[in-house]
Structure formats: C-alpha cells, structure tokens
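4 protein chains.
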Amino acid sequence: MMENIVTGPRVDVEPDILSEGCCGSQDCENKSLKFSDLSLEDVRKMNENFIKERNWDQFHSPRNVLLAMVGEFGELSEIFQWKGEVSEGLPELTEDERKHVGEEISDIFIYLVDFASRCHIDLSKAVIAKMAANAKKYPVDKAYGQANKYTDYQ
Amino acid sequence: MMENIVTGPRVDVEPDILSEGCCGSQDCENKSLKFSDLSLEDVRKMNENFIKERNWDQFHSPRNVLLAMVGEFGELSEIFQWKGEVSEGLPELTEDERKHVGEEISDIFIYLVDFASRCHIDLSKAVIAKMAANAKKYPVDKAYGQANKYTDYQ
Amino acid sequence: MMENIVTGPRVDVEPDILSEGCCGSQDCENKSLKFSDLSLEDVRKMNENFIKERNWDQFHSPRNVLLAMVGEFGELSEIFQWKGEVSEGLPELTEDERKHVGEEISDIFIYLVDFASRCHIDLSKAVIAKMAANAKKYPVDKAYGQANKYTDYQ
Amino acid sequence: MMENIVTGPRVDVEPDILSEGCCGSQDCENKSLKFSDLSLEDVRKMNENFIKERNWDQFHSPRNVLLAMVGEFGELSEIFQWKGEVSEGLPELTEDERKHVGEEISDIFIYLVDFASRCHIDLSKAVIAKMAANAKKYPVDKAYGQANKYTDYQ
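As given, the protein sequences belong to chains A, B, C and D, one line each in that order.
Here our numbering is used: the first residue of the first sequence is 1, the next is one more, and so on.
Here our numbering is used: the first residue of the second sequence is 1, the next is one more, and so on.
Here our numbering is used: the first residue of the third sequence is 1, the next is one more, and so on.
Here our numbering is used: the first residue of the fourth sequence is 1, the next is one more, and so on.
Don't read these hints as lab results, they were simulated from the structure.
Fair warning: there could be bad hints in the mix.
Where chains are identical, the list cannot tell them apart; a pair therefore holds if satisfied intra-copy or between any two copies.
[Claimed, not checked] Straight-line alpha carbon distances no greater than 27 Å define the calculated DSSO-like cross-link-like pairs of lysine-lysine that follow:
id: 1; residue 1: Lys142; residue 2: Lys130
id: 2; residue 1: Lys45; residue 2: Lys149
id: 3; residue 1: Lys99; residue 2: Lys34
id: 4; residue 1: Lys137; residue 2: Lys149
id: 5; residue 1: Lys136; residue 2: Lys99
id: 6; residue 1: Lys52; residue 2: Lys136
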C-alpha cells in the first residue's frame with residue numbers, strides 16, 4: 001500500500017503511534033520519547049508523490065496551503081477546547097482522542113512540509129538556522145527558568 | 001555554537017535556507033526542491049536539549065505549547081495578509097520576507113515537535129500512519145484532479 | 001423559540017443572512033451593505049442566557065473559549081482553503097457555502113463576546129478605544145494607499 | 001478625534017475598558033458585566049470610514065482580511081501562551097496584559113466585521129440565525145451540564 005506513496009518506507013504502515021507503556025508519572029522511563037527514524041525529506045517526497053498521483057498541484061498555491069493548515073489547526077484545537085489544562089501524555093483524554101491528536105498534528109506537519117516546498121524553502125536548513133538564532137536570542141544564563149520574551153534579554 | 005544545542009549537526013549553522021537559483025518559472029530545474037538531511041528525531045533532540053538547558057520544561061504544558069503554536073501561526077499569516085495570491089517560490093516577496101517565512105515555519109515546526117513529545121506521540125509513526133490513511137480516503141481514481149472532501153468518495 | 005434565548009429579539013428568527021440582490025459588480029447599489037439593528041450587549045445577553053440554561057459556565061474558562069474560537073476559525077478557513085482568491089460578495093462560492101461562511105463567522109463572534117465577558121472586558125469600549133488608537137497609528141496623510149505596518153509611520 | 005472615524009459615537013474615546021471594581025471572586029456583584037451601548041452597524045460604519053479615508057479598500061480582499069484575522073488571533077494567543085489556566089477576570093495577568101487582551105479582541109472583532117462586509121453578509125442576522133440554530137442543536141434537556149458535540153444529541 002505504502003509503496004504507492006513512498007519509496008522505501010522505514011516505518012511500518014499501521015503503527016501504534018502512542019508511546020508504549022507510558023503512564024504520565026514523573027519517573028516513567030518512557031518519558032523521554034524518541035521519534036522513529038524518518039527524515040524531513042522522506043515526508044516531503046511522500047507528500048510530493050501523493051499530490052502528483054492525484055493531480056492536485058493545481059490546488060496547492062501557497063496561500064491555499066496556508067489556509068488548509070489553519071483548518072487543521074482548528075481541528076487540533078477542538079480536541080482540547082473543553083478539556084481545561086491537560087498533563088503530559090494526555091492521560092485525561094481517551095485513547096481515541098489521543099489517536100485523533102496524532103492525526104491532526106500529522107496533517108499540520110504534512111501541510112507545513114508542503115508549504116515550505118511551495119515557498120522553495122529548505123525546511124531542514126531553516127529549522128537548524130532558527131534553532132541557532134533562538135540560542136542567541138535566549139542566552140542560557142539570562143533565560144534560565146524565565147518565560148520572558150527575548151526582547152527582555154537585549 | 002550549534003554544539004550547545006545538538007550533537008552532530010548534519011547541516012551548516014548559518015545556511016542559505018532558500019533554494020539557490022530557483023526562479024519560479026514553470027521549467028525551472030530547481031523546482032523539485034529537496035530538503036537537506038535532517039530527521040524528525042534530530043529536531044526533537046535539539047529542542048529537548050534547548051529547553052532543558054534553559055529549565056523551561058515547567059512552561060511547556062501541552063496547551064501552553066498549543067497556544068504558542070497558534071501565536072507563530074499568526075506571525076506567519078501576517079507576512080501574507082496584504083499580499084493577495086502569491087506564486088510558488090514567493091517571487092512577490094522581498095528576500096527579507098522570504099527569510100522571515102523560513103523563520104516562522106521553523107518556529108511552527110519546532111513547537112509541533114515539542115507538542116508531539118508532550119503528548120507522548122511518535123510524530124514519525126503518526127505521519128506515516130496518516131499518509132497511509134489519506135491514501136485510502138482519497139483513492140487516485142476518484143480523487144484525480146478533484147478538490148472535494150474525502151466524504152464525497154465514500 | 002428565540003424567546004428562550006433572548007428577550008426582545010429585534011431581528012427575525014430565520015432570516016436570509018445574505019444581502020438581497022447584491023451582484024458583486026462595481027456599481028451594485030447594495031454594495032455598501034448595512035448590518036441589521038443588533039447591539040454587542042444583545043449578543044452578550046443572548047449568549048449568557050444560552051450558556052446559563054445549559055449549565056455550561058463550568059466549561060467556559062478563558063483558555064477553553066480561546067481554543068474553541070481557534071476551532072471555529074479553522075472551520076471558516078476550510079471553506080476558503082482550495083478556492084484561490086475570491087471576490088467581494090463571494091460569487092465563486094455556492095449559496096450553501098456562503099451560508100456556511102455566515103455560520104462560522106457567527107460562531108467566532110459569539111465566542112469572542114463570550115471570551116470578552118470571561119475576561120471582564122467591555123468589548124464595546126475596547127473596540128472604540130482601539131479604533132481611536134488605530135486612527136493615531138495610521139495617520140491619513142501618511143497611510144493613504146499604503147499597506148505598511150504602523151511602525152513605518154513613527 | 002473620533003468624529004473623523006464615526007458619526008455620533010455613543011461611547012467615550014479613551015475609556016477604561018476593564019470592568020470597574022471586579023475582583024474575580026465568586027460573589028462579585030460586577031460578575032455579570034454588561035457591554036456599553038454599541039451596535040454591530042456602528043462598528044461596521046466606523047471601520048468603513050476608517051478604510052475609505054486611507055484608500056485601503058484595494059487591500060481588503062476577503063482572503064487578505066481572513067489572514068489578517070489569523071494574525072490578530074496569534075497575537076491574542078501569545079498573551080496566554082505561557083500562563084497555564086487563567087481565571088475569569090484574568091487576575092493572573094498584569095493590567096498592561098489585560099489592556100493588551102482588550103486591544104487584540106478588538107482587532108479580531110473589527111476584522112470580523114470587515115470580513116462579513118466583504119462577503120456581503122449581514123452579521124447581525126447571521127448571529128441571530130446561528131444562536132437559533134445552536135438552540136436547536138443543543139436542546140436544554142439533553143445538553144444540560146454536558147460538553148458533548150451536538151451530533152451526540154441527534
């Protein structure tokens with residue numbers, strides 16, 4: 001199935017997206033969840049193939065994709081809207097709701113990758129550059145334990 | 001510098017995030033931009049280190065991060081708000097504006113990775129699963145060249 | 001029916017929300033659409049009664065309502081996401097889609113009124129104050145025909 | 001000053017937008033805040049004049065205004081992003097922050113009114129119609145004290 005949309009998938013098709021056995025407690029060993037092996041380029045390529053196969057390039061202008069992303073963002077927010085504060089690992093949500101969260105953040109990510117491509121921006125380089133810029137904007141010695149905006153450190 | 005926030009960066013620190021030489025024309029060879037080598041786990045690890053060094057875990061509850069993502073989304077939208085329709089590669093924007101777009105989509109992506117971690121969701125697996133689900137929801141033979149919602153194909 | 005949710009409605013219950021006869025052309029007489037008589041306080045009161053009758057106050061914390069508003073915003077954006085640029089009066093949309101737009105902007109407005117109330121902010125006064133501030137930020141002689149940010153005029 | 005942007009303002013120009021004396025306690029008499037006298041049409045007219053004076057109609061296409069609204073939404077979310085849950089009346093925020101909230105919800109409202117006008121939708125009628133529809137979707141006897149989606153009541 002996946003062969004249609006990506007060459008050489010490195011992750012199984014119907015995985016359990018939730019961290020196994022994670023309980024949300026302070027000393028849970030699974031707390032520092034790792035992501036499975038997948039590159040930004042893998043996602044870009046999968047998405048490119050998906051869209052080409054369906055002849056959808058015509059619809060994916062930058063602002064169309066931008067608004068599509070807002071739409072997915074709204075769907076994600078709806079899951080949380082009446083929940084009040086929720087804890088790490090989302091123990092307050094049902095398993096269906098947690099699965100739904102995984103679907104919506106995936107949709108946002110796929111559109112984000114698509115948007116970067118439409119803008120001819122290398123998302124990998126952009127992220128590295130931004131992380132470096134953030135490190136300068138928020139020096140460890142000044143920003144430690146503070147939620148201030150970076151302008152307060154200048 | 002980068003050594004502080006990530007072990008073994010595979011991309012240069014101050015890169016030109018924009019695809020070189022891309023001109024926006026239909027037959028531009030650079031059109032099918034590739035992303036540089038970077039994995040979702042690389043980004044997760046960079047972000048985890050960044051936050052730990054600053055003792056910011058206390059602020060990153062799931063809904064806090066969700067709202068922070070909405071904030072970045074707003075900043076991205078502001079760049080496009082008075083532009084009318086824009087073309088692939090954003091030739092209508094200045095170079096500063098294109099760089100700004102790269103910064104904002106990076107911020108969204110970093111928060112998205114952070115949010116997935118807080119939710120204990122393996123974003124790599126979630127994306128693969130969603131791409132497979134999308135392929136089923138939008139069969140090529142029915143969805144070809146159509147912008148309908150998937151419910152129209154059921 | 002409406003008597004349940006508001007005292008003394010000044011607008012019919014099932015109105016045609018779309019401007020009659022407006023054709024989208026440059027010289028259409030209906031172009032300067034007027035809104036029917038309704039005050040912000042009317043909407044606040046309607047919403048307050050609606051929520052009290054359903055014992056929903058417990059769910060309407062400020063951040064819950066904020067996320068609910070993001071959700072409605074996403075639904076509005078979805079209507080426009082694959083449309084490309086659209087014209088005044090939305091002639092490119094079907095009548096059902098235009099009606100849907102009316103529903104979503106109403107949901108956003110109702111949540112906005114609710115949010116202001118939860119924050120103990122007098123939305124009427126706030127709007128008047130902001131319009132006055134905007135007039136100062138964008139002096140007519142400098143901002144005429146310009147889409148610049150206000151910081152360019154300081 | 002205001003005479004430039006609206007004829008016959010019914011609210012003072014530089015008001016205190018915050019409810020006087022409200023303390024956030026359960027039995028505060030000011031809890032049921034009322035909005036000052038202002039109609040949706042007043043806001044529409046103010047905004048129309050503001051834009052005409054600056055020759056800005058050319059920028060206010062429906063999707064431009066939609067994205068501008070997303071931008072303001074982001075600014076509102078930023079105020080709340082690191083706050084955790086906040087209480088009615090926003091006692092956890094500084095007075096400057098509360099004032100800022102008033103500015104951002106005003107910006108959202110002004111763009112919403114502008115957007116409705118561009119779509120040729122009578123926002124007053126649309127809101128009344130949506131409140132009536134909501135009352136049918138969420139019958140008091142079934143929805144009392146429940147945060148379910150309306151589809152659960154059908």
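Here is what the structure says about each hint:
In this homomeric assembly, Lys142 and Lys130 come within 27 Å of each other (Cα to Cα) only inside a single copy, at 19 Å, whereas the closest approach across copies is 35 Å. For the identical chains of this complex, Lys45 and Lys149 are inter-copy neighbours only, at 23 Å across copies versus 36 Å inside a copy, given an alpha-carbon limit of 27 Å. In this assembly of identical chains, Lys99 and Lys34 lie within 27 Å of each other by CA distance solely inside one copy; the values are 17 Å within and 30 Å between copies. For a Cα distance limit of 27 Å, the shortest separation of Lys137 from Lys149 qualifies both inside one copy, at 9 Å, and across copies, at 24 Å.
Proximity of Lys136 to Lys99 under the C-alpha cut-off of 27 Å is restricted to the inter-copy arrangement: shortest distance 17 Å between copies versus 36 Å within a copy. Taking the closest pair of Cα atoms, Lys52 and Lys136 come within 27 Å of each other only across two copies (16 Å); inside a single copy the shortest separation is 40 Å, beyond that limit.
Consistency note: the structure conflicts with none of the earlier hints.
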